[in-house]
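Based on these hints, arrange chain B on the given structure of chain A.
Chains as they are written, first to last, in our numbering: chain A, 10 to 226; chain B, 11 to 339.
One should not assume that every hint holds.
[Claimed, not checked] List time: in silico SDA-like cross-link candidates among lysine to any residue, alpha-carbon distance up to 20 Å:
id, chain 1, residue 1, chain 2, residue 2
1, B, Lys197, A, Thr208
2, A, Lys204, B, Ser304
3, A, Lys15, B, Ile303
4, B, Lys236, A, Leu219
5, B, Lys194, A, Leu87
6, A, Lys213, B, Leu241
7, A, Lys56, A, His203
8, B, Lys197, A, Leu87
Don't read these hints as lab results, they were simulated from the structure. Note that this is a predicted model, so its numbers are computed, not measured.
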Amino acid sequence: MDHTLKIALPKGRMSEESIEFFYNQNISSLKNVSENRQLIFNDEVKKIQYLLIRSKDVGTYVEQGAADIGVIGYDLLLENSFDVFVPASLPFGNCRLSVAHPEKFNNWKKMKKLRVATKYPKITSKYFFEKGINIQMINLYGSIELAPLTDISDVIVDLVSTGQTLKAHNLYESDVILESNAQIILNSSSYVFHKKRITNILNKILNVSLSTNAKNN
Amino acid sequence: MHKQFRRRRMPYGFSFLDTAASGRLQNKIRTTQEILIKDGYERVMPPMLDFPETFEVFENFEYFKVRDHLGEDLSLRNDVTVQVIKGYINEFENIDIKNIKEKKLYYMAPVFRDIQKNYPALREVYQAGAEYIGCESKKAITNLIQLASNILKKVCDLRYEIIIGDIRIYRVLSKYLENQDLPKIIKDKNAPALATLFKEKGLSDKTSNKTSFFLLYAEEKNEWLKNWEELEKNYENEWHKNILKEIKNISKFSLELNDILKEKKLPVYWEPLLFRKVHYYTGFFFEGYTEKISSPILRGGSYDSLVSEYSNINLPASGFSLDISPLIH
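With the rest of the complex left out, here is chain A (with noise of 0.2 Å):
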């Protein structure tokens, strides 16, 4: 074991659920994430380097072989068709991506040019294209919700966990688009030459899933 495993997770809280689960199941040593704000941090015991970056940016580290695997939500996946192996689920970070509309907008499907703002384009273009909606696009990098108040858009595209959110802007959920948690995902070149160890923490994290499908079932 004497490569140090690059792992990469998106900042907040994903992050801190990644460390949590990996404890638990023996992958890391560490029980939390660093607390002196360092955006690199080393568990020794089981020769693991975290890197704390943004959200969007994990699938570009691991893609580009900054880091041997990364924790990634399903919904950045499918919008950014990174070139990564992705081998397990997790079971955190459940959310949903929503189209969410001001109540004046409740017949938004049968309105003739639908201005939609989102941070998700591709996910969205594809999801109305297929609905047979035409749209225009607004592009947003965050506080999406302020879209429709300030009149930029008729609807939003975004991702829901609670809802509060959306209720404090008085804004309603409607149709959801996919259900998104969090992903593992590989870098290809990191799996080929440490696979019998990334296939051992993939194992650990296959049978929480098998265990969690035995109790559903």
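Here is chain B on its own, set in the frame of chain A:
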């Protein structure tokens, strides 16, 4: 784009090799050539431009199109194998098939790919390739992997590994699952997505996850066979029983090849499910990775129906291409 910029710079994905880089490339080419010639391969030089139809063996063609002064579409080659086979067959028109013996051909040439990516990638790649025509695939692939390994040992300063598989396993899966997203799912080794396709065929979550994972992330041969037999014992419906049986039957060929190559102490490992977006592969398939380079630099396999596509001659063929350009950067 600004005219001044275009006049002064190279297009994205193309490099001007300085004297040092040119020297490194030349050394690697010379070494590769020496090994190929020693093994009985003879050089061929296909043209740089050809009809676009030649290269439509790729799913996403990724070729540069140009047009001549009469308005005829031509394309910069993005694959040399088809050109070599096509050229070789043209040589053999009107010749009795009984007189055709094994032929070993090699090429050294740049290929051009209009890769649509959002980060810089090489669009001109210098390749070395070997084509072994007229030899049955197991013998040919053993020879080719040994040859590729000898070349990599000499021209690559980094560790390398060769993965072997059989495209027929993918074809079985494709027949049973009938899903248009399957090529991408397999290319991405997307186990959760593959498990979803199994669930759609009525398998339980647990069995779907297991089947998908064992196909995409195989362990050592014996461990894999043990896991697969366990799945076979606990099959969930007739559909499941049949697909498991068919995959196991076909996997025997590549597992046997794996044993032969392991005996030769080659750095290979076996994967049941490999797929790349080239249509002409018919059986064994392999790819080679080096450390620090994310995509495979070596790709090869057998294409036993390619010769007959260009003639009424039925000859097996196998080969590989090795990207040399990434090794000098």
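Verification of the supplied hints:
1. B:Lys197 - A:Thr208: The hint holds at about 18 Å.
2. A:Lys204 - B:Ser304: 14 Å, holds
3. A:Lys15 - B:Ile303: Roughly 16 Å between the alpha carbons, so the hint for Lys15 of chain A and Ile303 of chain B holds.
4. B:Lys236 - A:Leu219: Holds, at roughly 18 Å.
5. B:Lys194 - A:Leu87: 12 Å, holds
6. A:Lys213 - B:Leu241: 19 Å, holds
7. A:Lys56 - A:His203: Given pair Lys56 of chain A, His203 of chain A holds - Cα atoms ~13 Å apart, limit 20 Å.
8. B:Lys197 - A:Leu87: 14 Å, holds
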